[in-house]
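J.: Sequence:
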Amino acid sequence: MKKIEAIIKPFKLEDVKDALSEAGITGMTVSDVKGYGRQQGHSELYRGAEYVVDFLPKIKLELIVSDEDVDNTIAIITESAKTGKIGDGKIFVSTIEKVVRIRTGEEDEEAI
Numbered sequence: 085m086k087k088i089e090a091i092i093k094p095f096k097l098e099d100v101k102d103a104l105s106e107a108g109i110t111g112m113t114v115s116d117v118k119g120y121g122r123q124q125g126h127s128e129l130y131r132g133a134e135y136v137v138d139f140l141p142k143i144k145l146e147l148i149v150s151d152e153d154v155d156n157t158i159a160i161i162t163e164s165a166k167t168g169k170i171g172d173g174k175i176f177v178s179t180i181e182k183v184v185r186i187r188t189g190e191e192d193e194e195a196i
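So for the sequence shown, the working numbering puts the first residue at 85; every next one is plus one.
The hints are simulated quantities; they were obtained by calculation from the structure and are not laboratory data. Any given hint might turn out to be false.
Label pairs and their computed distance ranges (CB to CB) [what the hints assert, rightly or not]:
id, residue 1, residue 2, range
1, 158, 133, 35 to 43 Å
2, 170, 108, 17 to 25 Å
3, 132, 155, 48 to 56 Å
4, 132, 176, 20 to 28 Å
5, 133, 154, 44 to 52 Å
6, 190, 118, 29 to 37 Å
7, 185, 122, 34 to 42 Å
8, 120, 97, 33 to 41 Å
9, 119, 195, 26 to 34 Å
10, 155, 102, 16 to 24 Å
11, 95, 184, 31 to 39 Å
12, 97, 194, 40 to 48 Å
13, 102, 132, 17 to 25 Å
14, 107, 132, 44 to 52 Å
Quick reminder that beta carbons are idealized off the backbone N, C-alpha and C, glycines included.
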């Protein structure tokens, strides 16, 4: 099992969610986060004054998928979140040692 964490632009959330649902990939956690990468934030003009915005609003998706679904899930997220502009985000994949469904006690693949 793998944990996929994707940092995407907020307005792409619905596109990603719909694409994953169509592929039969269900269950995700969504968090509002702030951060920056290579772009180091940006400047905005508000009421004639310039402000530096260091941390940009992003969405963090977390999904646990079986090993065989990893590549397909990454492809779906990449395709549906891509705008072609700087700040599209990143995807991180890590190994999950154990999963337990609290309600039933099911473990690992059955708990996903």
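J.: Indicate, hint by hint, whether the structure satisfies it.
T.: Hint check results:
Taking the beta carbon of each, residue 158 and residue 133 are about 42 Å apart, inside 35 to 43 Å as hinted. At about 32 Å, the CB distance of residue 170 to residue 108 disagrees with the hint of 17 to 25 Å. Between residue 132 and residue 155 the beta carbon distance is about 50 Å. The supplied range of 48 to 56 Å therefore holds. The supplied range of 20 to 28 Å is broken by residue 132 and residue 176, whose beta-carbon atoms lie about 40 Å from each other.
Taking the beta carbon of each, residue 133 and residue 154 are about 46 Å apart, inside 44 to 52 Å as hinted. Restraint check, residue 190 to residue 118: a C-beta distance of roughly 35 Å satisfies the suggested window 29 to 37 Å. Separation of residue 185 from residue 122 is about 39 Å and conforms to the stated range, judged on CB atoms against 34 to 42 Å. Against the hinted window of 33 to 41 Å, the Cβ-Cβ separation of residue 120 and residue 97 comes to about 19 Å, which falls outside the hint.
Between residue 119 and residue 195, the C-beta spacing of about 30 Å keeps the proposed range 26 to 34 Å intact. Taking 16 to 24 Å as the suggested C-beta distance range, the pair residue 155 and residue 102 conforms, at roughly 20 Å. Remark: the range hint 31 to 39 Å for residue 95 to residue 184 is upheld by a beta-carbon distance near 35 Å. With their beta carbons about 28 Å apart, residue 97 and residue 194 fall outside the hinted range of 40 to 48 Å.
For the pair residue 102 and residue 132, the beta carbons lie near 40 Å from each other, so the given range of 17 to 25 Å is not met. As the Cβ distance of residue 107 to residue 132 is approximately 48 Å, the hint placing it in 44 to 52 Å holds.
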